[in-house]
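Quick note: the sequence shown uses my numbering, first residue 1, plus one each step.
Simulated from the structure, these hints should not be mistaken for lab results. From a predicted model like this one, the values you see are computed outputs, not experimental measurements. Warning: the hint list may mix true and false statements.
Distance ranges between label pairs, derived from CB positions [to be verified]:
#	residue 1	residue 2	range
1	Ala358	Asp126	25 to 35 Å
2	Asp77	Glu182	27 to 37 Å
3	Val333	Asp79	44 to 54 Å
Backbone N, C-alpha and C define an ideal beta-carbon position, used for all residues, glycine too.
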Amino acid sequence: MEELVIRDADVVDGSGEPSYRADVVVDGGRIVSIVKEAAAAGCQRPKARRELDAEGLVLSPGFVDMHAHSDLALLRDPDHSAKAAQGVTLEVIGQDGLSYAPVDDRTLGEVRRAIAGWNGPGDDIDFDWRSVGEYLDRLDRGIAVNAAYLIPQGTVRALAVGWENREATPEELDRMRQLVAEGMEQGAVGMSSGLTYTPGMYAQDAELTELCRVVASYGGYYCPHHRSYGAGALEAYREMVALTREADCSLHLAHATMNFGVNKGRAPELLSLLDEALAAGADISLDTYPYTPGCTTLAAMLPSWANEGGPEAALERLADEETAERIRHDLEVTGSDGCHGVPIEWNTIEISGVGDPALAEFVGHTVQESADLRGEAPWVTARGLLLADRLAPTILQHVGHEENVRAIMRHRVHTGGSDGILQGAKPHPRAYGTFPHYLGHYVRELGVLSLEECVAHLTARPAARLRLPDRGLVREGYVADLVLFDPATVAAGSSFAEPRTLPTGIPYVLVDGRFVIEDGRRTDVLAGRAVRGTPPT
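My request is simple: use the sequences and hints to build the entire structure.
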């Protein structure tokens, strides 16, 4: 007898087609049968060792978080309710060009310092891997939800070239090609870049194109955090489209927003650019989070030249009065490339987390507010905080536009990505609320998407981008990564005031046919594993 039958579920299967009522049978981690309208037809209903009454609940495929920063959280926190409770059954990590494989001893320490604001310093982690394959093997020991990995181009460049702003030599480029090929062979699904972060931002298009050719040869995709989301946003999007067309590589645009005042109401221009490329044969997808503010590190706002050489070099420049004045001028007058070419507005920069608990008084306040309390200029406050916390502070950047958010999420190549940074005392609520916020706010309350459309955006479409032939749909033979939610009550519990509150209306989540959320509570099941890319035959 099979393990589980989910009775009388309203199945929204991920295809975008209308829902249907069915009994769904799960056994051995797979969906083994789907009996539509079983009760109404009066047919023999399937039986199993366990029967779950799903009356009033929607059954959908598990949600795929196409942009996650859980690289260490998956290892540190077996509970991982931040994602499991949202119905996320697969996260794509290794984002924005910086992560923890492939590395050597030198670059591991450098990367840990550079992205401590994203993932914490990692002092509680046994970094017993160096290659992509070894990191994926570590995930295979058991994690809360599944994870796929992107080779981080910035980490690759740090390993082969260093943190200097210069062109790679032919030998260094060959070494980077080799590292990318090895990562793809070991199971990565593509490559990411952080082209406003050092050292990935120092790569010119010709270098990126060559690495994308390697990625394409393995059937993977390129996922850039491109060179500007502000003053040069449309040009930056256009650059990525042209680059990947040249490399014949699939493109997935990370957190594809149109932020800052210069881009208010300009989402249709982005979508027109993408439609034109799609019509010409480009393979493009994108992800967004359903909120207006962004989230990153305070150090990321600095001009690229100030970060050249790595974290220690940046701290030395901040400590030098004359150099610090140059940094201030770039930030406040010129428009730092780290701040997307837009002069920084300190009243939009809210400190969301610090590494040193002694600096907790800054959390929840904008830099402008903290500066006013101290009777000093905002740059004095920001510089002092960067030095005291050794570049660790994370920020919320309140620069988005609701009309752009809604327009982009309607597009036919859109997928969901939380961009969830789980560190800090007051993280962005998207880390805990992205997927129920789509379903509750943008589907039920606003009707921006139908339920069937939204589920397709969050399940089948990302699974197709990841080339996963047996995930993303409720189909016989597919992996039983499933979510049961109440469409009348599903909602994000997280808010900017209480960002770690778990969602409501998602009582059951299964990973590989096993309950990781049951009756609304996290079980002790660790059914997640690394989901490896499969090179084309």
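Going through the hints against the structure:
Separated by about 27 Å at the C-beta atoms, Ala358 and Asp126 satisfy the suggested range of 25 to 35 Å. Separation of Asp77 from Glu182 is about 29 Å and conforms to the stated range, judged on CB atoms against 27 to 37 Å. Under the hint 44 to 54 Å, the C-beta atoms of Val333 and Asp79, about 46 Å apart, fit the expected range.
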